[in-house]
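Enquirer: As a plain string of letters, each chain reads:
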Amino acid sequence: MSNNDKLSKEHEKIISPTRQIMEKFKHNKLAMAGFISFGLLLLVIVGAQAYIHLTNYDLANVDISQKYMKPSMQHLFGTDAQGRDLFLRVLAGGWISIQVGLLSTILSIVLGVSIGATAGFFGGKIDTLIMRGTEIVSSFPFLAIAMTISAIFMDLDAQLRLYLIIFILGFLRWTGLARMVRGQILSLREQEFIVATRALGISSFNQITKHLIPNVLTYVIVSGTLTFAGAILTESSLSYLGLSVTEPIPTWGRLISLSAKNAIVMTNYWWTWIFPGLALFILIMSINVIGEGLRDAVDPKSQYVTKEQRIRLKEKRKREKERQKRRKLAKAAM
Amino acid sequence: MENEKQQGKLRTLFDTVFPYIKYIGNRLLHLLPVVIIISIVIFTLIQLMPGDPILAMINPETTANMTEEQRLAYIETMRKVLGYDKPVIVRYFLWWRDVLTGNFGYSVALNKPINEFIGSYIMNSFKVNIVGFIIAFLIAIPIGIKSAVRKNTRYDKIVTVVSMVGISLPSFFMALLLVLLFSAVLRILPFSGMVDPRGVRPEYVYYILPVSVIVLSSLASLIRYIRNAMIEVLKADYIRTSRAKGLSEKVVIYRHAFKNALIPVITIIGFWIPALFGGSIIVEKIFAWPGMGLLMNQAYQFKDRGVLSTVLLFFAVLTLFANLFVDVGYALVDPRIKARRIK
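Listed in order, the protein sequences are those of chains A and B. Each residue of the first sequence is one higher than the last, beginning at 1 in this note's numbering. Each residue of the second sequence is one higher than the last, beginning at 1 in this note's numbering.
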């Protein structure tokens with residue numbers, strides 16, 4: 001707010017809404033820091049995954065003579081109770097987290113958007129029925145139900161359990177999104193451009209997919225980012241309880257719970273759980289920060305400054321400082 | 001004369017209370033389909049648990065000396081005694097009857113009827129969660145208000161960043177960091193448990209770590225909610241009016257703004273309490289706190305169907321009560337909603 005007051009109108013440049021969003025996001029230092037750290041983490045995780053696949057590295061390879069080695073150049077994060085290199089195990093755990101987070105978020109976005117759009121578009125009885133259903137799903141005790149479903153299918157093989165966890169997380173977390181999309185579509189439905197599509201005889205399906213959903217997409221992306229962070233957090237909680245993907249595939253929650261079982265291991269071999277915990281924290285933090293940044297950027301009410309304006313502001317501040325310095329010097333001289 | 005007066009008083013009392021009762025009854029009726037569907041989901045999940053429930057119920061010692069035929073016959077009779085020979089739908093209704101009469105079944109893992117111990121577990125969960133929630137709320141209110149009033153200042157930005165950290169830090173990692181610091185390095189707090197086996201440490205010492213984890217993990221989001229609610233309220237016209245009247249800033253913020261900001265906060269309390277108990281599944285496991293969360297973890301390990309269904313029911317009932325609380329709370333606090341809903 002205060003920034004724009006200082007600027008004269010002549011520096012104002014008219015740019016498209018998408019550019020506006022990008023400008024706002026770029027100007028947000030915290031969000032950019034999150035974006036960069038997320039990018040770096042993703043790069044390292046994908047790189048490690050490629051390395052594991054290319055060299056056929058066996059994550060379950062046990063070497064007792066190397067057990068509980070401190071972090072060193074050879075083993076960046078040290079080794080665990082079975083002498084396995086933790087650096088690669090932590091990064092492999094990250095691959096699981098990203099997969100679960102991304103796929104379950106996509107699932108919940110697809111469910112949430114299609115259900116919310118249907119309810120908002122048709123209204124009336126269909127709306128009431130769908131929203132009652134949404135209310136019921138959202139009043140399930142989420143973590144308890146997720147734990148129970150996961151415990152029922154305890155004996156499945158690790159790869160299948162990965163899909164199961166994705167399914168559980170995606171299926172139980174679409175309700176918030178559905179409610180938001182419905183609200184948006186209810187208000188959009190009354191606007192002229194939708195009335196026009198109706199007058200042109202465009203089918204309901206095309207009205208929804210080509211005209212309504214693109215208009216709510218920005219909000220969906222914002223809340224999708226936050227869902228993504230939430231899904232990773234929930235997966236790590238489940239795997240901490242031993243209810244996510246099981247051995248030999250490492251997950252962050254599992255790595256932490258393995259060393260948290262016993263006070264001696266926890267205190268003396270701190271690297272076995274500090275590194276996965278930090279990785280988890282950094283990943284979730286950077287996604288949350290990106291989500292918050294996007295939310296601010298998408299908000300049409302939030303102010304933004306273009307590059308030219310930013311440079312001018314900087315110059316102005318510099319001049320102000322110099323003036324103050326001169327004034328101080330003058331005072332001192334007197 | 002006196003009698004008539006009293007009757008009149010009673011009648012007015014009845015007239016004021018009755019709409020509320022009607023409203024609550026209406027909401028309860030509204031919740032009925034939710035109750036039915038959740039109960040079906042819980043019952044189905046329990047039925048789907050792997051392993052034979054009869055074999056889990058039988059004490060291996062009683063069948064140890066039997067021949068194979070005797071054992072099979074024994075299992076058959078047990079199946080009949082426990083009602084597992086009946087079709088699933090009948091069993092569902094029998095389960096309902098048991099739940100309504102307060103008979104929650106038998107715990108295989110603890111070898112006791114569930115009714116005997118469930119109360120103390122529920123109490124333990126409530127103690128640690130409610131204490132944590134109240135402390136978190138008391139800390140979050142002043143910080144949230146201050147950061148809304150000083151929106152976009154350095155204070156607000158620091159609070160925002162710190163609460164982002166709080167939201168992103170998984171509660172189990174936070175718990176382990178606290179344990180490492182206070183129990184392993186400084187050695188001033190116990191690792192886990194609820195009572196000292198030697199009877200040296202006072203009981204409250206055991207509350208400190210679990211309660212702090214609950215406080216820290218809910219503090220961040222609470223501050224953000226209160227801040228956002230306050231920011232919305234501070235934009236309102238009546239805040240400008242009260243400032244224009246010359247009221248002091250303190251009165252404007254606490255009497256006029258905060259009171260109205262509390263309305264959205266009620267929703268949060270409603271959704272918070274089930275989430276709090278859900279989150280404490282992990283906290284209770286880390287600190288070996290004998291509450292519902294720990295019970296649930298044990299139930300998975302031993303495939304203890306009775307305990308599992310009871311715990312799930314507890315969580316479901318908690319969620320339903322939270323929904324009811326939100327509805328009724330809104331109607332009580334917000335006169336606009338009150339006028340519309342309570343007639």
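The hints are simulated quantities; they were obtained by calculation from the structure and are not laboratory data. Since the model is a prediction, treat every value here as computed from it, not as a measurement. Built from N, CA and C at the ideal position, the CB exists for glycine as well. Be aware that one or more of the hints could be misleading.
To be verified - Label pairs and their computed distance ranges (CB to CB):
| no. | chain 1 | residue 1 | chain 2 | residue 2 | range |
| --- | --- | --- | --- | --- | --- |
| 1 | A | Asn61 | B | Ile188 | 51 to 61 Å |
| 2 | B | Lys338 | A | Glu135 | 14 to 24 Å |
| 3 | A | Leu43 | B | Ala236 | 23 to 33 Å |
| 4 | A | Leu278 | B | Phe302 | 43 to 53 Å |
| 5 | A | Lys125 | B | Arg11 | 33 to 43 Å |
| 6 | A | Asn61 | B | Lys127 | 42 to 52 Å |
| 7 | A | Leu200 | B | His30 | 54 to 64 Å |
| 8 | A | Gly47 | B | Gly102 | 56 to 66 Å |
| 9 | A | Gly124 | B | Pro87 | 31 to 41 Å |
| 10 | B | Lys338 | A | Lys307 | 44 to 54 Å |
| 11 | B | Lys235 | A | Glu135 | 46 to 56 Å |
Stated by the list, open to error - Only pairs whose alpha carbons sit at most 27 Å apart, straight line, appear in this in silico DSSO-like list of lysine-lysine:
| no. | chain 1 | residue 1 | chain 2 | residue 2 |
| --- | --- | --- | --- | --- |
| 12 | B | Lys250 | A | Lys29 |
| 13 | A | Lys261 | B | Lys303 |
| 14 | B | Lys151 | A | Lys314 |
| 15 | A | Lys26 | B | Lys250 |
| 16 | A | Lys26 | A | Lys321 |
| 17 | A | Lys24 | B | Lys151 |
| 18 | A | Lys301 | A | Lys24 |
| 19 | A | Lys26 | A | Lys261 |
| 20 | B | Lys157 | B | Lys245 |
| 21 | B | Lys235 | A | Lys24 |
| 22 | B | Lys259 | A | Lys316 |
| 23 | A | Lys307 | B | Lys259 |
| 24 | A | Lys314 | B | Lys22 |
| 25 | B | Lys86 | B | Lys112 |
| 26 | B | Lys86 | B | Lys157 |
Enquirer: State for each hint whether it applies.
Expert: Each hint tested on the structure:
no.	hint	verdict
1	A/Asn61 with B/Ile188: 51 to 61 Å	violated (41 Å)
2	B/Lys338 with A/Glu135: 14 to 24 Å	holds (22 Å)
3	A/Leu43 with B/Ala236: 23 to 33 Å	violated (47 Å)
4	A/Leu278 with B/Phe302: 43 to 53 Å	violated (34 Å)
5	A/Lys125 with B/Arg11: 33 to 43 Å	holds (41 Å)
6	A/Asn61 with B/Lys127: 42 to 52 Å	holds (46 Å)
7	A/Leu200 with B/His30: 54 to 64 Å	violated (40 Å)
8	A/Gly47 with B/Gly102: 56 to 66 Å	holds (58 Å)
9	A/Gly124 with B/Pro87: 31 to 41 Å	holds (38 Å)
10	B/Lys338 with A/Lys307: 44 to 54 Å	holds (52 Å)
11	B/Lys235 with A/Glu135: 46 to 56 Å	violated (30 Å)
12	B/Lys250 with A/Lys29	violated (33 Å)
13	A/Lys261 with B/Lys303	holds (21 Å)
14	B/Lys151 with A/Lys314	holds (23 Å)
15	A/Lys26 with B/Lys250	violated (37 Å)
16	A/Lys26 with A/Lys321	holds (26 Å)
17	A/Lys24 with B/Lys151	holds (18 Å)
18	A/Lys301 with A/Lys24	holds (12 Å)
19	A/Lys26 with A/Lys261	violated (43 Å)
20	B/Lys157 with B/Lys245	violated (31 Å)
21	B/Lys235 with A/Lys24	holds (23 Å)
22	B/Lys259 with A/Lys316	violated (42 Å)
23	A/Lys307 with B/Lys259	violated (42 Å)
24	A/Lys314 with B/Lys22	violated (64 Å)
25	B/Lys86 with B/Lys112	holds (25 Å)
26	B/Lys86 with B/Lys157	violated (63 Å)
Hint check: violations occur at hints 1, 3, 4, 7, 11, 12, 15, 19, 20, 22, 23, 24 and 26; the rest are consistent with the structure.
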